[in-house]
Amino acid sequence: MAEPVTYLEAIRQGLWEEMEADPTVFMLGQDIGAYGGAFRVTAGFLDRFGPERVIDTPISESAMVGAAIGAGIMGLKPVVEMQFIDFIACAFNQIVNFAATCRYRWGQAVPIVVRGPAGGNVRGSAFHSQNPEGYFQRAPGLKIVAPATAADAKGLIKSAIRDPNPVLFFEHKYLYRRIKEELPPGDGAVPIGKARLARAGRDLTVVTWGAMVHVALEAAGRFAAEGVELEVLDLRTLKPLDEEAFLASARKTNRVLVLTEEPLTGSVGAEVAARIAEKAFDWLDAPVARLAAPDTPVPYSPTLEDAWLPNADKLVTRVRELLSH
Amino acid sequence: MAKMSRGLGPLHPQAAPAADRLAKTSLGRDQQLELYRYLQLTRMTEARLGNLYRQGKVVGGLYSSRGQEAISVGSAYALAPQDVIGPIIRNLGAMLVRGVQPREVMMQYMARADGPTGGKDANTHFGDLARGLVAPISMLGALIPVLVGVALAGRMLGRDLVAMTWIGDGGTSTGDFHEGLNLAAVWNVPFVLIAEHNGYAYSTPTEKQMRIKNIAVRAAGYGIPGEVVDGNDVLAVYEVTKRAVDRARAGGGPTLVEAKTFRMKGHAEHDDAGYVPPELFERWRERDPIDRFHRHLLAAGLASEEELAAVVAEIDRVLDDEVDRALASPFPPPERALEGVYEEPPPPEAEAGGVGAP
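Chains Z and D, in that order, are what the protein sequence lines are. Reading the first sequence from the start, the letters are residues 1 to 325 in this note's numbering. Reading the second sequence from the start, the letters are residues 1 to 358 in this note's numbering.
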């Protein structure tokens, strides 16, 4: 019987198995070698795979991604770790202008992965808590993945590494050691671009991803006691969006709330809500609702961050409003 | 660490009688004539592009390397076939040395269907790893870490490969210049960066870009060799690049080469460069890299006027044909605008193939 493993351990296993299986896979990042990474995702990798494949870099996010692009077009499969995903902003140009456009402009695939810890609720303050998916959502050529479970974390990091396109892999650091699951036997690769039905229901759909999936499931548990069945759809991949999945759920339950940990404006949640309003309007009994973080930087103090983050209480309130519409 | 290999003094050299004395070279007659052909091919291709621009055939902006041809040609000529380059906008000569055909660039500028990007991107913005070419993006400096990654991959894959790219004086102010060169140094990868010090970044003169006179001194900050070379002497550029490439290939790590030159046109064709004092153009015209090399070939007895004229005439004939072929290509079909954003994943059984050749 397989032991339950944490979300972090699942990512570690996925990376490890891909490094074992494919000698072209290698890693670049800050403090990923002897130290094993700020969150220990790469602990033990240096001993097993050596400094040629587990490369500590200077604090140069742009050059890390640039070098990964160069190695990727030469036939290798680099995996870049951002120590905290907030620092991906320092590599924005290399990602959106270089990596994302090569295939379209000159036919050159760029098989790289940029991964790292995202998300709040760990008192990380403004620069260790962000959810940057919205910045990248509208960059054609990128793929974006944000798993909510250990099985998906392992399965999707494998698919991200095998994908011939640049993939951004956002790990929710709140989940790293807080959830544990038994992983499915075997390879366990999970396809990019497919949402997951986290809970089936008939009365209202919550579309979400990352740590917010667990918030939605908590709220759904509370509603179940009242005989109200929420459907929870875990997007898993944010780019390309599994539009069919959320449109089908909208047509089924006729009420949709999009739940995101991002600030509201310009979020991935905004795109999901827009597509449902545009393409499933005739099936809706209420306007598409959104529950997001407010349009401020992520605050530090527990009282402030708790007020800032979406949570189950806020979600229950919004769902009740939507059900009574 | 910076070494003044030609004793040119701190800023841009004045024209002097000694200016015609080119660097000593190991290159023989045939190779020097090949350099001459590439220099002329670069300038004459750009002249044809200028004609096409004035005829309204060029859809976007047109960029010239006039006055700087010796840098692109001389540096690219120092590479081996397996080496990889990332040319930027004034490196047409390097692309021609790598086997790019003039019509490819013409079709790019004219946004035609049969250009290397099929109308999706402009000018010299195309790549082809089969010819060791990485396409640039317009953001300067970005290619530096990318080519450092190419060099790293070459080492990891056990290939005898040197990676090279270019940057202007303005581009040395970017973060990627610093991050990339530092990374190359720390990794000690086979990488060469040629900094073309041409006096102006668009309209901004170098003294508003940096407080140093020689970009090459920056190499000391990364613990790598830096060399200054007369960028208007194709033989000097070849020799200094060859040294850097040989060192890189032997495991000696990266080199920063600064080539002193001057941009003889505006930033792009629309720019009349009215901000450049006319006497600078006059002074640098006397140091024109092609004229100097032409005089060198004659003075050294390597070619006659007639032989050099024949080279030019042959290029003219080639370019007539290249222009015709480029003009014959249609604009791309509109539906192409939506194609090719993503690479399709290979079928599962094809994934076990290991390292794919570029």
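The set of hints was computed from the structure by calculation and includes no laboratory data. Each hint should be verified, as a subset may be incorrect.
[Stated by the list, open to error] Some chain Z residues close to chain D (C-beta under 7 Å, calculated; not the full set):
| hint | residue |
| --- | --- |
| 1 | S62 |
| 2 | Q83 |
| 3 | R105 |
| 4 | Q137 |
| 5 | A139 |
| 6 | P164 |
| 7 | W283 |
[Stated by the list, open to error] Some residues of chain D that are not near chain Z, with every Cβ distance over 12 Å (derived):
| hint | residue |
| --- | --- |
| 8 | G154 |
| 9 | L298 |
| 10 | P330 |
Remember, it's a predicted structure, so these values are computed and weren't measured experimentally. Where a beta carbon is used, it is the ideal one built from N, C-alpha and C, also for glycine.
Against the structure, the hints:
For S62/Z, the interface hint holds, the least distance from its beta-carbon to any beta-carbon of chain D being 5 Å, beneath 7 Å. Below 7 Å, beta-carbon pairs count as interface contacts, and Q83/Z has none with chain D, the closest being about 16 Å; its hint is therefore violated. The restraint placing R105/Z at the interface with chain D holds, with a minimum CB-CB distance near 4 Å, inside the 7 Å limit. Of the supplied interface hints, the one on Q137/Z is violated, with its beta-carbon coming no nearer than about 14 Å to a beta-carbon of chain D, more than 7 Å.
Taking 7 Å as the C-beta cut-off, the interface hint given for A139/Z is violated, the closest approach to chain D being about 10 Å. For P164/Z, the interface hint holds, the least distance from its beta-carbon to any beta-carbon of chain D being 4 Å, beneath 7 Å. Using the Cβ-Cβ criterion of 7 Å, the hint placing W283/Z at the interface with chain D is not satisfied: the shortest such distance is roughly 28 Å. With a closest Cβ-Cβ approach of about 7 Å to chain Z, G154/D is found to fall inside the 12 Å limit, against its non-interface label.
Chain Z leaves L298/D outside its interface by the beta-carbon criterion, the shortest separation being 41 Å against a cut-off of 12 Å. For P330/D, the requirement that its beta carbon stay farther than 12 Å from each beta carbon of chain Z is met, with the minimum near 19 Å.
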